[in-house]
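*Asks:* So the sequence lines, in the order shown, correspond to chains C and F.
Each residue of the first sequence is one higher than the last, beginning at 1 in this note's numbering.
Each residue of the second sequence is one higher than the last, beginning at 1 in this note's numbering.
Simulated from the structure, these hints should not be mistaken for laboratory data.
Incorrect hints may appear among the rest.
Beyond 12 Å from chain C on every Cβ pair, some chain F residues (computed) [what the hints assert, rightly or not]:
| # | residue |
| --- | --- |
| 1 | A30 |
| 2 | S32 |
| 3 | A33 |
| 4 | E34 |
| 5 | K35 |
| 6 | A69 |
| 7 | P71 |
| 8 | L72 |
| 9 | D73 |
| 10 | N83 |
| 11 | D96 |
| 12 | D97 |
| 13 | A104 |
| 14 | Q107 |
FRET-style restraints, in silico, Cβ to Cβ [to be verified]:
| # | chain 1 | residue 1 | chain 2 | residue 2 | range |
| --- | --- | --- | --- | --- | --- |
| 15 | F | R80 | C | N422 | 52 to 58 Å |
| 16 | F | Q111 | C | I360 | 36 to 42 Å |
| 17 | F | R80 | C | E413 | 54 to 60 Å |
| 18 | C | M541 | F | E34 | 31 to 37 Å |
| 19 | F | Q92 | C | D473 | 51 to 57 Å |
| 20 | F | D123 | C | S417 | 38 to 44 Å |
| 21 | F | D123 | C | T70 | 58 to 64 Å |
| 22 | F | E34 | C | L382 | 55 to 61 Å |
Quick caveat, the model's predicted, so the values are computed rather than measured.
Cβ atoms here follow ideal geometry from the backbone N, Cα and C, with glycine treated the same way.
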Amino acid sequence: MLKKNSSMKFNRRKFLAAAAVAGTTGVVNPARAATAPEAQRRLPSALPPNAHVAAAETGTLQMPSGDNGTPGSDFMVDVIKTLDIKYLPANPAASYRGLHESLIDYGKNTMPEFLTCMHEESAVGMCHGYYKATGKPIMTLVHGVVGLQHATMAVYNAWCDRVPVLIIGGNDLDAAHRPPGVPTFHSAQDINAIVRDYTKWDDNPVSPQHFAQSFVRMYKIATTPPYGPVMMALDGGLQNEPIRGDGEKLYIPKFFVSAPPQGDLGAVKEAASLLANAERPVIVVDRAARTPEGVKLLVELAELLQAPVVDQGNRMNFPNTHYLNRPANVINQADVIIGMELSDYWNTVNGFVDNGYEGIGQNITKMKPETKLISISSVDLLTKSNYQDFQRFQSIDVSMPGDAEATLPSLIEAVKSAIPNNRKDALTKRGDAIRQAHAKGLDNTKQAAAIAWEANPVSTARLVTELYAQIKDLDWSLVSTSGNTSNWANRLWPIEKHYQWLGWSGGYGVGYGAPASVGAALGNRDLGRFSVSIQSDGDLMYAPGVLWTAARHKIPLLAVMHNNRGYHQEVMHVQRLSNFRNRVANIGNDLGPIGTSIMNPDIQYHKLAESLGWWATGPIVDPGDLGPAIREAVAVVKSGQPALVNVMTQPR
Amino acid sequence: MRFVRVPVAPALVALAAFAASFGGQGTAVAASAEKGKAAFIQRGCWQCHDYNGQGSVATSNGTVIARTALPLDAFKSFVRNTNGAMPPYRPQVLSDDELDDIYAYLQSLPQPKSPSDIPLLGDVRAQ
Chain C
1 MLKKNSSMKF
11 NRRKFLAAAA
21 VAGTTGVVNP
31 ARAATAPEAQ
41 RRLPSALPPN
51 AHVAAAETGT
61 LQMPSGDNGT
71 PGSDFMVDVI
81 KTLDIKYLPA
91 NPAASYRGLH
101 ESLIDYGKNT
111 MPEFLTCMHE
121 ESAVGMCHGY
131 YKATGKPIMT
141 LVHGVVGLQH
151 ATMAVYNAWC
161 DRVPVLIIGG
171 NDLDAAHRPP
181 GVPTFHSAQD
191 INAIVRDYTK
201 WDDNPVSPQH
211 FAQSFVRMYK
221 IATTPPYGPV
231 MMALDGGLQN
241 EPIRGDGEKL
251 YIPKFFVSAP
261 PQGDLGAVKE
271 AASLLANAER
281 PVIVVDRAAR
291 TPEGVKLLVE
301 LAELLQAPVV
311 DQGNRMNFPN
321 THYLNRPANV
331 INQADVIIGM
341 ELSDYWNTVN
351 GFVDNGYEGI
361 GQNITKMKPE
371 TKLISISSVD
381 LLTKSNYQDF
391 QRFQSIDVSM
401 PGDAEATLPS
411 LIEAVKSAIP
421 NNRKDALTKR
431 GDAIRQAHAK
441 GLDNTKQAAA
451 IAWEANPVST
461 ARLVTELYAQ
471 IKDLDWSLVS
481 TSGNTSNWAN
491 RLWPIEKHYQ
501 WLGWSGGYGV
511 GYGAPASVGA
521 ALGNRDLGRF
531 SVSIQSDGDL
541 MYAPGVLWTA
551 ARHKIPLLAV
561 MHNNRGYHQE
571 VMHVQRLSNF
581 RNRVANIGND
591 LGPIGTSIMN
601 PDIQYHKLAE
611 SLGWWATGPI
621 VDPGDLGPAI
631 REAVAVVKSG
641 QPALVNVMTQ
651 PR
Chain F
1 MRFVRVPVAP
11 ALVALAAFAA
21 SFGGQGTAVA
31 ASAEKGKAAF
41 IQRGCWQCHD
51 YNGQGSVATS
61 NGTVIARTAL
71 PLDAFKSFVR
81 NTNGAMPPYR
91 PQVLSDDELD
101 DIYAYLQSLP
111 QPKSPSDIPL
121 LGDVRAQ
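Pulled out of the complex, with its shape left as it was, chain F reads as follows (with noise of 0.2 Å):
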């Protein structure tokens, strides 16, 4: 087993990576978001990201995927090459239409809304 220094956390550096050389390369595709949630389902990726794509600080470093910025290349690279805290999903496991069909389903995702427009997390963490 190596042992190496990992300055930060190993998930966003690979994300970086991806985003940085991958970027602008992204194309759009005639895919289905509502299969994408089927399969964003089916194939677990709800387990660490949720329903919605918002993650967690538990299970995906904290990374929100809904509306991701990465282009769709960078994307399905790093779900298929992944070797962080994320398993890899490799063609056996998910195709690559099952792949643009959740991209799909990402962006579908609504835009959040803004905190200040939640009046109950106005509440929270007063001082």
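Next comes chain C alone, as it looks inside the complex (with noise of 0.2 Å):
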């Protein structure tokens, strides 16, 4: 609780007290308001009204001075400053109004900028798909309790994706004083528990000094390996009390970024050692390049070993034009896998098939039982108990918890010096045919792509491959695809810089592709990209306001709805266990399995979209229209404006 200071000349306590009673009937004196002996002392059970009340009923009352000194929010403003945070999507509050007030007047709304969303989880959202966008974190502020618990799904998905959002959450924890009612709903003893089990760090600050040491602090946690998002609860008192004119000194602490952990160097070497005497060696990287540096990196890694590199997507750590580039049926074979901050290492070399087997499903492996297993991972550092994103246990033979990127000088000049000058033909044969297989995967990718080119409704590789006719001459970046359009992006669009492919949500958290495009657009805006998105419908639809804050803030971005009509997953799903069963699936008058169609009707997702301020066309059946009407679209969002275009799809 914050700390009680005699010498205070204006008590915020009392002041709230005050401001509950003058809401229905005036403002009263807050040195006039009720005592504590008064309130303590033991009552018959027909109170006499105290002496706060009394004011309030009898009259007399006077308005506060409206001088009470500085608010401690605007101290936190100065404190936020420091920290280079441009943007604050944000749903508005009363429990944060302190902040807010100080932010938008005091702050001047720059630095950040604050961006007004329709619901927590679109704030979130945007703060994470921002993030992958640019490398830099942006905050958001949510209100206590209720808005922190809209909030959780996208909390849980940065979580799982290792990505810093910082989170400040309003909250009144003074009972005996904070206003009645509402505002004591939406208040909790610690509404940091909400998210606790999915952050890294949390805290309740108690007085501007804590505040800007946790603010500080969370910043760097954070940011530092592995990732991921932090709290902090906010009194809604401490935002609005005065700054203590007793002398105190405020100080801001000066932030400085750690140095990345690094894989032990006696560990680094013996993985070395058994990639580079490896006959069949793979890399698998999934969050491994954290930087462009870190693409440059692997690209380095895996030539020096001419191995392939299979990459599992949620973060684009290699370039898929490189020979190297292999799909994950390479693992099979290998006698040496090195896998780089990987999501799940158990199903990466395993794998689950499910048929209902003893009614549940069949593990499965791919590897040889003889196949060394390599790791780095910085989530080794931080494992948490409660949610199961740390997957299944898999036995390693070299686990280096640090950080992959951080890791790979020292595992490159390890491997360099470990390769025996007899081994290197060999290594340039292995390379040759890697090379060839490259070459043709590309061909039977194509192939498979150019089926169904002419179906209507259109396939999805159709979609993907009229979208980019039209943005392949523009500095492009694939902010977002959310549904899933058999990974047709990733198989067909040369993807070679990092913002050109962002990954997925980390939790799977449906409700993820629309706010984490708009935040990517909102920082690929500001660095000169073109930002294009493939939506599905389900994921547009659980907080569809987003749509609206994008037109609000003018963040250029081109969404072509993947509109399946349908939670196609599910759709599955339902019809898997009926088969399982020996039951017709019901239908009902939709085309999958009762629940889990979104049509009858079908949603115009282009007026949608018309409403909320975009420019929008659709709906698209014949692919033949497809082509012309993103050209259209492209040349809004070039002059600055979102544009979406909603295309009747295949289911994937």
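With the hints as a guide, bring the two chains together.
*Replies:* What follows is the structure in structure tokens.
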């Protein structure tokens, strides 16, 4: 709780109590508000009015002077401004009104700029996408209890996706003096508990100086690998309470960057020896490249070893145009596998067939028994218990808890030293064979894309190819692919820059695609990039208000709908269970099993987007109409506005 | 729950095995492609194989069933007995006549264009 200071000229607790009464009867002079002894005295059941209530009921009210000194929230803005936080997407809320007012008035609504959101999940999703496009964290504010409850799924996605998001939640701890009714419903002893299982750190500061330390600390923790969201509960009283006039000097701690943790050097040498002497080494990467430098390092390691790279795609780790980029089936023949920042090592070298075997399914293993496994993962340094994002346990031969990108320079040097001279010809031959396989793989991909080219609804391969044709000459960034379009973008588009592929949601919480796209497009706007998303129907409808945020704040984004009119994963799940149980799936009047379709009526996403301020067109049913529609939308986006093309598509 | 080593995708193994064991035994049947298309949609085949049988790496392991090379008997046996990623369709769910019609529908689908005849596919993955 807040430290009490008898020398304070203005008591925020008394002020809040007075303001609550004033809401119904007028304003009382806080100096004449209720006193503690009066409240604590043993009283009869029929209570006489205390001084506070009596003053409110009998009149002679006085307005507060309005000159209450510098509010604590102004100092908080000073702190926030030291950290170069450009934006603050948020849904407004009374519990952080003090900070809100300071941000836009005292802080002049710059660094950060407040962006109006219509759902806390959208706000956090925007922070998530923004970070992945720019490499810079931004912050959000949420209302106590209910606002944070709205935000939770997006926070979990950020946690699983190892993305730093700074969250401040308003709260009002003082039960005796906070406003009754709604504000009290929206207060809790510990709002941080709502997200503690999937945030890196949280705090509940009780003084302005405590805020300064904790805000800088939370920024540092969020941006030290493994990255992750962080949370601060901010007491309503603390925001409004004036800075004490007793000579206390407030200071803002200087932010400093921590060196990322690296793998142990002995383990690095052991791993290098295994890789250098392997016949069929395979490099598997998921979130290994945190920065563009990470991509370069991975290319260097792969070329040094002439080893195939499987990019699992939660980041753009390795160019898909490079001949060493290979599909996951190369794992089957590997004798040494190095996994870097894998979100699921078990499922990389094993698998699960959902075939109802013994009512559940079948585990399979993909690797040979003698295969050696190496791991570098910063996530090993931070594991919590409740949520199961750590996945199944996989035994590893050389395990290095540490940041993969930071470890790569020493690993590369160790591999250079470990490769025997007499193996260099063998490595060259290995590379030549992989180069041929890569070229053949691309041919096969194109043949697969050609199937159903003229189909109606539009095939997902056609959708993605038509889209690429319209953006290929721009500095494009594919900010999100929600739903599932059979990975056609990764398979067909040349992805060579880190911002051309931003990965998925992390926790696979549906509803990430739209807000993360808008957030990433916000970052790309300032960097001069053209943002495009493949937007699924179900994902958009969780919180479509984020489209309004994009229009309101002039965030250019081309959203091309993958409108397959269903929660398609669930369509297949229910069908699968019906088959296992030898029952005909009840599809009612829809196409998918009851409860899984988004049809009857079909949602007119283009009209929805139009109503929220977007340029939009559709529904596109004939694939021949797709190219011209996207071309028109591209021109709109280049002018600085968001645009949506509603396309009726095949399921996957 | 068993734990087994499966070197390649189970659905492909099963398909290959059925193709080998039933090779050349397919028979022409009097079936309706039109009815087959209706059954293909009504019974949920489209969900993993898309409306035109092109399939997906995400749902059918990349297997294309449009104009499938499997003989009819092998096709039917696979659909009835698969124990891989695809759930089996037993007679309570899909009749023999419907299976015949679905096969006819798949065989009626047009031959895909060559990628070289689709200019847009010439642009992708330029190096």
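*Asks:* Look at each hint and say if it fits the structure.
*Replies:* Here is how each hint holds up against the structure:
A cut-off of 12 Å between C-beta atoms confirms that A30/F is not in contact with chain C; the least separation is 25 Å. The claim that S32/F lies off the interface holds: its Cβ sits roughly 20 Å from the closest Cβ of chain C, which is beyond the 12 Å cut-off. The claim that A33/F lies off the interface holds: its Cβ sits roughly 16 Å from the closest Cβ of chain C, which is beyond the 12 Å cut-off. Look at E34/F: its CB is around 17 Å from the nearest CB on chain C, clear of 12 Å, so calling it non-interface holds up.
Interface exclusion of K35/F from chain C stands, the closest Cβ pair being 16 Å apart, more than 12 Å. Distance check for A69/F against chain C: the nearest CB is about 14 Å away, which clears 12 Å, and the non-interface claim stands. Here P71/F stays apart from chain C, with its beta-carbon at least about 21 Å from theirs, past the 12 Å limit. Every Cβ of chain C is farther than 12 Å from the Cβ of L72/F; the closest lies at roughly 21 Å, confirming the non-interface assignment.
Against the 12 Å criterion, D73/F stays outside the reach of chain C, whose nearest CB is about 21 Å from its own CB. The Cβ of N83/F sits about 5 Å from the closest Cβ of chain C, inside the 12 Å cut-off, so the non-interface label is violated. With 12 Å as the threshold on Cβ separation, the claim that D96/F sits away from chain C holds: the shortest Cβ distance comes to roughly 15 Å. Even its closest Cβ contact with chain C, about 15 Å, leaves D97/F beyond 12 Å, as expected for a residue assigned away from the interface.
A104/F, annotated as away from the interface, keeps every beta carbon of chain C farther than 12 Å; the closest lies near 18 Å. At roughly 15 Å, the least C-beta separation between Q107/F and chain C is larger than 12 Å, which holds for a residue marked as non-interface. With their beta carbons about 55 Å apart, R80/F and N422/C fall inside the hinted range of 52 to 58 Å. With their beta carbons about 41 Å apart, Q111/F and I360/C fall inside the hinted range of 36 to 42 Å.
Against the hinted window of 54 to 60 Å, the Cβ-Cβ separation of R80/F and E413/C comes to about 58 Å, which satisfies the hint. Here the CB-CB span from M541/C to E34/F is close to 34 Å, well matched to the stated 31 to 37 Å. Here the CB-CB span from Q92/F to D473/C is close to 55 Å, well matched to the stated 51 to 57 Å. Separated by about 43 Å at the C-beta atoms, D123/F and S417/C satisfy the suggested range of 38 to 44 Å.
Checked against the hint of 58 to 64 Å, the C-beta distance between D123/F and T70/C comes to roughly 60 Å, which is consistent with it. In this structure the supplied range 55 to 61 Å holds for E34/F paired with L382/C, their Cβ-Cβ distance being about 58 Å.
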